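Q: For reference, the chains in residue letters:
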Amino acid sequence: MRSMTSKPALHLIALILALAPVAAWADDPIGQIKTETGTVTVERAGKAQPIAIGDHVFQADKITTAPGSSVGITFADNSMMSLGPDSQLALDQFRFDSTTQDGVFDSSLQKGTLAVKSGQIVHQTPEAMHIRTPAALLGVRGTEFVVRADGNS
Amino acid sequence: MTFLLKHLVPLLAVALLAGCASNDLVVVLPAADGHIGGVVVQHGDNKILLDKPYAAAGADAKPVAVDAKDVDQIFGATLAARPIPPMHYTLYFRPDSNEMAPDSQAAFEAVFTEIARRKASEIVVTGHTDTMGTLDYNDKLSLARAKSVSKLFTDRGLAPSSVIAVGRGERELLVQTKDQVPEPRNRRVEITVR
Chain P
1 MRSMTSKPAL HLIALILALA PVAAWADDPI GQIKTETGTV TVERAGKAQP IAIGDHVFQA
61 DKITTAPGSS VGITFADNSM MSLGPDSQLA LDQFRFDSTT QDGVFDSSLQ KGTLAVKSGQ
121 IVHQTPEAMH IRTPAALLGV RGTEFVVRAD GNS
Chain W
1001 MTFLLKHLVP LLAVALLAGC ASNDLVVVLP AADGHIGGVV VQHGDNKILL DKPYAAAGAD
1061 AKPVAVDAKD VDQIFGATLA ARPIPPMHYT LYFRPDSNEM APDSQAAFEA VFTEIARRKA
1121 SEIVVTGHTD TMGTLDYNDK LSLARAKSVS KLFTDRGLAP SSVIAVGRGE RELLVQTKDQ
1181 VPEPRNRRVE ITVR
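These protein sequence lines map, in sequence, to chains P and W.
Per the working numbering, the very first residue in the first sequence carries number 1; after that it's consecutive.
Per the working numbering, the very first residue in the second sequence carries number 1001; after that it's consecutive.
It is worth saying that the hints were derived from the structure and are not from the lab.
Model, not experiment: these values are computed from the prediction.
A few of these clues could be false.
[Stated by the list, open to error] With a straight-line cut-off of 30 Å between C-alpha atoms, the simulated DSS-like cross-links for lysine-lysine are:
1. W/K1062 with W/K1052
2. W/K1069 with W/K1052
3. W/K1062 with W/K1047
4. W/K1052 with P/K111
5. W/K1047 with P/K62
6. W/K1069 with P/K111
7. W/K1178 with W/K1147
8. P/K111 with P/K47
9. W/K1047 with P/K111
10. P/K111 with W/K1178
11. W/K1119 with W/K1147
12. W/K1119 with P/K47
13. P/K62 with W/K1119
Assemble the whole structure, with the sequences as input and the hints as a guide.
A: Structure (structure tokens):
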């Protein structure tokens, strides 16, 4: 039996796939570890493992720094975060379309200290980036700022 | 009633105070480019916009006084862990070719110097077009150009997984024009090292 799909059609499909704008999928990396001191772990799919400079981070990762440790991450929209000692950050939701720069970035600082510089997601859509602490909700309109969360509020 | 006043009310007051005595803090930092969009802090019905350098609020979204010294003391280790900010370069090409304009060759080389300075890096190659053609066509055209320029970097030894091609089409014009205007300065590729 002959193939149902003609050769030109296959070429067309290949061309469309090659030209399709790259949208962020749920299993795509959303950022990369750029700095690290001490002991830093990531909890992914219920399993905690060490994470090192150059490693990627993914949506739903939970990053934890031990006392005296720190980590810096740059994300796909050029936003940046760094976590201070004895801190915990959950990367709850990250979606980013690099062509339109539309996206959403929600994270939770469960305890400790965090420095943030917003990126293209917020530049395109102010307040499309949120950070939750146990006590408060932050809506980011575009800036560099620091947060401390108690962890027991 | 006396029991309530004597025991429960003080207990409640302590509980409320403990809630307010949270260590939570948000502080806006001075921006390198001077532009601060700000952060909105929300706690229940309380809401505050922090949009000045060192504007700060506690967990209850009430303003608190904080200066540079406080920030350094509380957040010094956190700020020291910030990644090196992304660096941007623009490459121009001879019309309808993958041959770089002479000025752009230096920028191309500078990208490699910047990568060498970083412990872990990715580069984003972003194609831009002018306003000739449709938005959709230009999204595709700019991505095709970005992919062909990405090859220049992987040919020079960068890992393909560290080179990200992006097409922005006519969405980010360097020189503002009306629709359907040919403008060589808008036909460019921007390289971000991050």
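Q: Hints numbered earlier in the text: which of these fail when held up against the supplied structure?
A: 10
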